[in-house]
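Assembly of the complex is requested from the two constituent chains, each provided in isolation within its own frame, with the hints serving as guidance.
These protein sequence lines are chains D and E, in that order. Start counting at 1 in the first sequence, then tack on 2, and there's your number in the numbering used here. Start counting at 1 in the second sequence, then tack on 666, and there's your number in the numbering used here.
Read the hints as simulated data drawn from the structure, not as lab findings. It cannot be assumed that every hint is accurate.
Only pairs whose alpha carbons sit at most 30 angstroms apart, straight line, appear in this in silico DSBU-like list of lysine-lysine [claimed, not checked]:
no., chain 1, residue 1, chain 2, residue 2
1, E, K765, E, K829
2, E, K671, E, K747
3, E, K689, D, K334
4, E, K827, E, K840
5, D, K334, E, K829
6, D, K86, D, K145
Just so you have them, the derived chain D footprint on chain E, three or more residues with Cβ under 8 angstroms [claimed, not checked]:
no., region
7, 682-692
8, 697-703
Per label pair, the in silico range of CB-to-CB distance [unchecked claim]:
no., chain 1, residue 1, chain 2, residue 2, range
9, D, W296, E, L711, 53 to 61 angstroms
10, D, K334, E, T683, 15 to 23 angstroms
11, D, P211, E, A699, 36 to 44 angstroms
Ideal Cβ positions, reconstructed from N, Cα and C, are used throughout, including at glycine.
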Amino acid sequence: MLQFLQNIFGQGSIWVYIIMTLPPLVFMIIFALAAVWLERKVSAHMQDRLGPMRTGYHGWLQTVADITKLLQKEDIIPVAADKKLYILAPYVVFIGSFAAYSCIPFSSQYIGSTISLGLFFIVAVSSFVTVGIMMAGWGSNNKYSLFGAMRSVAQIVSYEIPTVFVILSIVVLAGSINLQEIVQAQSGWFWNWYIFGGPGGWSKIILIPFILVSFLIYYVTSLAETNRTPFDIPEAESELVAGYHTEYTGMRFAFFFLSEYANMFAVSAIAATLFFGGWQSPFGDAIPFLNTPWMQVFWFIAKGMVFIFIQMWLRWTLPRLRVDQLMYVSWKVLIPFSFVNLLIVSLFVMLR
Amino acid sequence: MNSVKQYFNNIWLGLYTVAIGLKITFSHLFTRAVTIQYPDERLQLPERERNRLFVNMDDCIGCDQCARACPVSCIYLETIKVTPGDIVGRTGVTSNGRKKALYVPTFTIDFAKCCYCQLCVFPCPTECIYMTEVFEFTDFERDKFIYEFTDMTPEQVVEKKQKLDAYQKEQDEKKAAAAKAAAEAKAKPAEDIKK
Numbered sequence: 003m004l005q006f007l008q009n010i011f012g013q014g015s016i017w018v019y020i021i022m023t024l025p026p027l028v029f030m031i032i033f034a035l036a037a038v039w040l041e042r043k044v045s046a047h048m049q050d051r052l053g054p055m056r057t058g059y060h061g062w063l064q065t066v067a068d069i070t071k072l073l074q075k076e077d078i079i080p081v082a083a084d085k086k087l088y089i090l091a092p093y094v095v096f097i098g099s100f101a102a103y104s105c106i107p108f109s110s111q112y113i114g115s116t117i118s119l120g121l122f123f124i125v126a127v128s129s130f131v132t133v134g135i136m137m138a139g140w141g142s143n144n145k146y147s148l149f150g151a152m153r154s155v156a157q158i159v160s161y162e163i164p165t166v167f168v169i170l171s172i173v174v175l176a177g178s179i180n181l182q183e184i185v186q187a188q189s190g191w192f193w194n195w196y197i198f199g200g201p202g203g204w205s206k207i208i209l210i211p212f213i214l215v216s217f218l219i220y221y222v223t224s225l226a227e228t229n230r231t232p233f234d235i236p237e238a239e240s241e242l243v244a245g246y247h248t249e250y251t252g253m254r255f256a257f258f259f260l261s262e263y264a265n266m267f268a269v270s271a272i273a274a275t276l277f278f279g280g281w282q283s284p285f286g287d288a289i290p291f292l293n294t295p296w297m298q299v300f301w302f303i304a305k306g307m308v309f310i311f312i313q314m315w316l317r318w319t320l321p322r323l324r325v326d327q328l329m330y331v332s333w334k335v336l337i338p339f340s341f342v343n344l345l346i347v348s349l350f351v352m353l354r
Numbered sequence: 667m668n669s670v671k672q673y674f675n676n677i678w679l680g681l682y683t684v685a686i687g688l689k690i691t692f693s694h695l696f697t698r699a700v701t702i703q704y705p706d707e708r709l710q711l712p713e714r715e716r717n718r719l720f721v722n723m724d725d726c727i728g729c730d731q732c733a734r735a736c737p738v739s740c741i742y743l744e745t746i747k748v749t750p751g752d753i754v755g756r757t758g759v760t761s762n763g764r765k766k767a768l769y770v771p772t773f774t775i776d777f778a779k780c781c782y783c784q785l786c787v788f789p790c791p792t793e794c795i796y797m798t799e800v801f802e803f804t805d806f807e808r809d810k811f812i813y814e815f816t817d818m819t820p821e822q823v824v825e826k827k828q829k830l831d832a833y834q835k836e837q838d839e840k841k842a843a844a845a846k847a848a849a850e851a852k853a854k855p856a857e858d859i860k861k
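The following block holds chain E by itself, in its conformation from the complex (with noise of 0.2 angstroms):
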């Protein structure tokens, strides 16, 4: 007899228990979906999100900081020195007022090697290395990660080292003078010496 009762018991939880089911379904049928369509829609990224580094090369000042702060050293600087009377970019001056010493004609990060870990932009002087909100660069090529920054030209990069290296010889010439300016005029007291 007990089992009789179990098995229509176990019918009716059957059928009842299906119905709690399909209540329960048919109420979410008509919930809100939770899905965030995204290239239409996006998130709030949060606050302390990491994403594409960008260098404003108006501020760069080219000390190198960054490159040495680089764990993975995805970042290639190159500088030159700046000849006397020859000013970096339009003003000279960085936004918050450093002097700008040197040309920087090639300033490359490759994000195929970034590890996005943002400490190039904590040693930085003048603010110009910074991450921007873009995180969605996927490229087929590697070749296309490779970011070069430089405003400077090409024509513009050999001006600059031609204008460095006269200036080098000039200077090297002077000091070569002077040298000799200044031997000749430690001789000069020896000869004196010796008479």
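So that you can see chain D by itself, here it is in the shape it has in the complex (with noise of 0.2 angstroms):
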């Protein structure tokens, strides 16, 4: 697509860099507009409720009339407030989660930015969005907000370390930090994904469960990064108020959401690409016109979808864990078995 854009427009010419910054956007608002709704909806379903049934057929409308409330509602900035903290916290959030988008790869002939540290850049710029959660935190001057802020910042300090070392297992098998790449060494029928132990012989079979095992891992710890159920204390509604974005209103309130939706695709979509191939099609080119490179966005946004659902499913399944369970979860279990599944496959790439 930049190739196709830069004949169109000229090497270099600002639109080939505003154009490419669409699609990515584009997706994130529709996609949060309907994982908002379908949230709602699954939710509801799981406790025998229906949800939203109002607006539009089943209720599918229900967010789009509540981005409309939230628009009209009066922008409210505390008087204790951090003024320039408190305003900027929300869009800090949203760059972050948004920089985590340029490295996706969507498709063979779509991705955002083409460097060649493309998971590592999403690693550590998905970290920004703590950094504008502790504005928020900070900014609000309100103790519910600074709690959930301090949470959020100790989780993400903790999980983000199981999380590294369970994808450069991954790194390791694949040989390079690039996302594209990765997924194209996942390339033909769906036993060549990593889940199922990646392109090779027999031998790969050693390799699967440990791999069961790292993706078991950096799903736990996903669920931990975007904030949500059973990790969800930085939010955690019973116990304080709705945490870092207790006084944000309006807008605001909304471009959070957004960003916690747009994470959580973001962390689904890695999962996708790392374990479960990316945008290759199931059947590989078997298939040929299962594997053009429209089909190759529905097959990524699918497989996406599918670990939001798991996600969402774990959300309305499971309670919150309690603080010191959290560090314990992460300091006790996933740390060192992410640690001695990273040396077994190394120690297997090696041998190979």
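Next comes the structure, spelled out in structure tokens:
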């Protein structure tokens, strides 16, 4: 797509950069609207309710109505708030989650940026969200907000370590940190996906249990990084009102929500990319029309949505962890497991 | 050694119990919702439900028993006596054959005050005040809860009042005349005694 745009507008034209950023942004907004609705429907049906039913068919316009309401709301800035931080925080959070999209390959023809350090960039830039959350918590000058922000920082600092270990084990397998290359390494039928040991001979069967463990660890840590139940202690409605966004109203609040849901898709997309072949069709090139660039977008989003659904499913199943339990899970369970896992995978790759 | 066993057991339990929980919620995803979408679907009301009152003025005889039974005094009733030869309503009789001897120019119920106790319903001799099925009649102004049930127009009320006044005057005159006559008749024997 970059090539195509450069052909139209010429090398280095500003329009190339503007248009390249549009697809993830549009996708993000539409996804957030759809996912909020989906979340409500899934939660409702899991509790034997119906959820929103009044706005449109089965309430599919509910989130549009909600956004319309939020746009009309008064924008309140608390008197005691640290105005600069308070105003800036939602945008920082949004930038953090949006920047992660720049390295996610939506299809073989589209990736926001072709830098070779894609995965590293995503891991680094998604920590930017934490800065925004801290700014929001501190800037609100509200004890609940500050508690939420502190918890969020503690949580993300702890959970980033197993995440990176697990991601490293896949990087070791693929021999690249470029997400596009990782996806291309998994081309072919679905048994070439890394969750099934990746491409290679029968010896990969030894690897499958370790990859499964790393997938499990990645999924758990991704829940923690997006502040979702059972790791939603930064927002903990029943303890902290709404955590770090307690004081926010109207569009600023909507921005937090948007970036939260965008983040959800970002981690799901990375899970799909690393373990489930990214935009690869499960049938590989055996059925060519299922592996065209547009179908690849479909496969990618479909895989992401499966993980989104599992996130929602987990959210409405599990209770929230206590802070000490949260730390226990990260430092005493996930980190040793992911570290041993990385060692074994590296050893396998070395011996192969 | 025991604590190591405990450690792995905990991890296993953590994963296993989560799986059980997920199974339960997933099965609920496909069970039928218990929600009743209220304005579209309604629950059947219980047999002895008490709702908004209605007064069938065709049967009302203006006996005032409902107003007297009301514990919060939310029923306001006024009556005008019927002059002889006049008929209340079309027939002058209620549907169960009672003669109507009173016009009812006002029959007002203030539902903002009403406590829906149904005590007014039982004493009614003609069963003209009863509970309907309507229970949802919220409004923004308190005046909207004052319901007027009478079927008489203001002109009719004035007319009937004048008629009654005229009749009463006539009666009073008659009475006065009769009293005068009686007094004269009484006076006569007295005169006779004097004589």
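Hint check results:
no.: 1; hint: E:K765 - E:K829; result: holds, 20 angstroms
no.: 2; hint: E:K671 - E:K747; result: violated, 97 angstroms
no.: 3; hint: E:K689 - D:K334; result: holds, 27 angstroms
no.: 4; hint: E:K827 - E:K840; result: holds, 20 angstroms
no.: 5; hint: D:K334 - E:K829; result: violated, 99 angstroms
no.: 6; hint: D:K86 - D:K145; result: holds, 18 angstroms
no.: 7; hint: 682-692; result: holds (count 6)
no.: 8; hint: 697-703; result: holds (count 6)
no.: 9; hint: D:W296 - E:L711: 53 to 61 angstroms; result: holds, 56 angstroms
no.: 10; hint: D:K334 - E:T683: 15 to 23 angstroms; result: holds, 18 angstroms
no.: 11; hint: D:P211 - E:A699: 36 to 44 angstroms; result: holds, 40 angstroms
The structure fails to meet hints 2, 5 from the earlier list, while all remaining hints are met.
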